[in-house]
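Going down the list, the sequences are from chains B and G.
The numbering of the first sequence is my numbering, which starts it at 1 and goes up by one.
The numbering of the second sequence is my numbering, which starts it at 1 and goes up by one.
Don't take each hint at face value.
Once the Cα atoms are required to be at most 30 angstroms apart in a straight line, the calculated DSS-like pairs of lysine-lysine come out as [unchecked claim]:
| no. | chain 1 | residue 1 | chain 2 | residue 2 |
| --- | --- | --- | --- | --- |
| 1 | B | K247 | G | K15 |
| 2 | G | K36 | B | K229 |
| 3 | B | K409 | G | K47 |
| 4 | B | K225 | G | K36 |
| 5 | B | K225 | G | K52 |
| 6 | B | K65 | G | K47 |
| 7 | B | K352 | G | K36 |
| 8 | B | K414 | G | K15 |
Reference listing, derived: stretches of chain B covered by chain G, where coverage requires no fewer than 3 residues with Cβ under 8 angstroms from a Cβ of chain G [stated by the list, open to error]:
| no. | segment |
| --- | --- |
| 9 | 253-264 |
| 10 | 299-310 |
Please keep in mind that the hints were generated in silico from the structure rather than gathered at the bench.
Computed from a predicted structure; not experimentally measured.
The beta carbon of each residue, even a glycine, is placed where N, CA and C say it ideally should be.
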Amino acid sequence: MQKYSVFSLIKNAFSDHQNWEVAWKDPTPKSEYDVVIIGGGGHGLATAYYLAKEHKITNVAVIEKGWIGGGNVGRNTTIIRSNFMYDANARFNEFGMDLWRNLSQELNFNVMFSPRGIINLAHSDAQMNAYARRGNSMRLNGIDAKLLNRDEVKKLIPMADFSDEVRFPIFGGLMQPSAGTARHDGVAWGYARQADSMGVDIIQHCEVEGFDVEGGKIKGVRTSKGVIKAKKVGLCVAGSTNILAEKLNMTLPIETHLLQACVSEPVKPVLDGVVTFGAGHFYISQSDKGEMVMGGDLDGYNSYAQRGNLPTIQHVLTGGLALFPFLSRLKMLRTWGGIMDMSMDGSPIIDKTHIEGLYLNCGWCYGGFKSTPVSGWTFAHTIAQDRLHELNADLTLNRFSNGYLLDEKGLGTKTWIS
Amino acid sequence: MLHINCPFCGLRAQKEFAYGGDATVKRPEINREVSKEEWDNFVYMRKSPRGKHIELWHHISGCRQWFKVQRDTATHEIFKTAKMSEEIV
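With the rest of the complex left out, here is chain B:
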């Protein structure tokens, strides 16, 4: 594989950039693989990469219905954080933060990881107390957390509304300075390129039509490009999890919902890091191009549409305007939607299933992007070793019936309620 560097950039400039190697090949599927990963998004490609790198399993195919990186890894608001309260979620995502810090070097692909911090704003004394508790829990797990008072928040985001007239005055906030953003497409492409170079077949425009299961064991998948035999199959299909589960006669603790995001026209740097509004569901950051990247509530009803409705965007931006009045002067550049695999406690599932050789990676709700590296890392371990790693030991499918829920936000089973 051709290494990307300033030297290769200069060298290729002499040939008008016409002679770059393709970043990944476009192979026709073989008849059999050791492992087939369904879903060529961030998690699927990361899983294939870590299978090859950490476990030396290279007879792997990633099959994708559309094109790689066209689903949620290309639709999210790129936020990376590990500000979780529960041990299982905190340990899992903090391990992921370590992977993020070295990802550009490891993949030889600039994923533009930019740890500029995240601030969760508080608008009442009670909320400050809750954040103090969460911050302390984070620090016990070795995650950086800083409780900010009103003046400290004002120094960091002076353009927020600190006047006396606001309905939800800012009392302070909880900051994770090591959180940040990354170039989301770059993450998918970087993993794809490295996985491909180690022998993984990335097969696009290949839809799964069914599964071959015999005697409780997975034998292969039936696809639009023919039958592909596999010793092991991993599902990384986020919003399509319920559709594939139906083909397997499985019912899962997951509902599929729609989430929208939007960006404004680009403006000069005004906001450093990520800010979340504490009195409504709204989060915002500024991209390297200068666009304000914003998101908030789910549309709130089961959906596979990948496109949203205007009332939700209006509702989300009402919260945005309450926090940052300057947004009213900006034009909206575009809005889009993605479909979310909402688990019943808001935490993910990375587990084996009752079918031997079939592994499940789902339930990411609207927070899958930040976990892309650690999800791939632990899922690869789970598939290769046929057992859970201690990092995903609590992210099981049977935690619902056993009562060991990871209900981080205390929302109960209706995690889609706004």
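Starting from the known structure of chain B, arrange chain G on it as the hints suggest.
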């Protein structure tokens, strides 16, 4: 914006309604032994189909009645609405 035909008030804008989830989930009968699996199915397990879906909506800014809606989860087309006592087949 969805336009939902409330069985009591007629066609109204989506903003007047709140969503209540899958309407086909049945609570296990009480006054008998209920297995762990039955509770599990009732509380957590969802089909969440792509296509026709029967679901609960609440006319929260209107008559405040709960009712059933049959809607396509891929196109958002609404086929039928019915009172809670009625079945959608």
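Report task. Please work out if K225 (chain B) and K36 (chain G) have their alpha carbons no farther apart than 30 angstroms. Result -> violated (41 angstroms)
**Report entry** Pair hint K65 (chain B) and K47 (chain G), alpha-carbon separation not exceeding 30 angstroms
**Finding:** Holds. K65 (chain B) to K47 (chain G) sits at ~21 angstroms (cutoff 30 angstroms).
Report task. Go check the segment 299-310 of chain B versus chain G for me, would you? Three or more residues, Cβ under 8 angstroms, otherwise it fails. Result -> holds (count 8)
Query raised in the report: Holds or violated: are the alpha carbons of K352 (chain B) and K36 (chain G) at most 30 angstroms from each other?
Result: holds (21 angstroms)
Query raised in the report: Taking 30 angstroms as the top limit, are the C-alpha atoms of K225 (chain B) and K52 (chain G) close enough?
Result: holds (28 angstroms)
Requested in this report: State whether the coverage of the segment 253-264 of chain B by chain G holds or is violated, taking the criterion as 3 or more residues with Cβ-Cβ distances under 8 angstroms.
Outcome: Satisfied; 4 residues make the cut.
Query raised in the report: Given the hint that K409 (chain B) pairs with K47 (chain G), does the C-alpha gap stay at or below 30 angstroms?
Result: holds (24 angstroms)
Query raised in the report: Is the Cα-Cα distance between K36 (chain G) and K229 (chain B) 30 angstroms or less?
Result: Given pair K36 (chain G), K229 (chain B) is violated - Cα atoms ~36 angstroms apart, limit 30 angstroms.
Query - Pair hint K247 (chain B) and K15 (chain G), alpha-carbon separation not exceeding 30 angstroms - result: With Cα atoms ~35 angstroms apart, K247 (chain B) and K15 (chain G) exceed 30 angstroms; violated.
Query raised in the report: Is K414 (chain B) close enough to K15 (chain G), meaning Cα to Cα at most 30 angstroms?
Result: holds (19 angstroms)
Violated hints, listed in ascending order, are 1, 2 and 4; each of the other numbered hints is respected by the structure.
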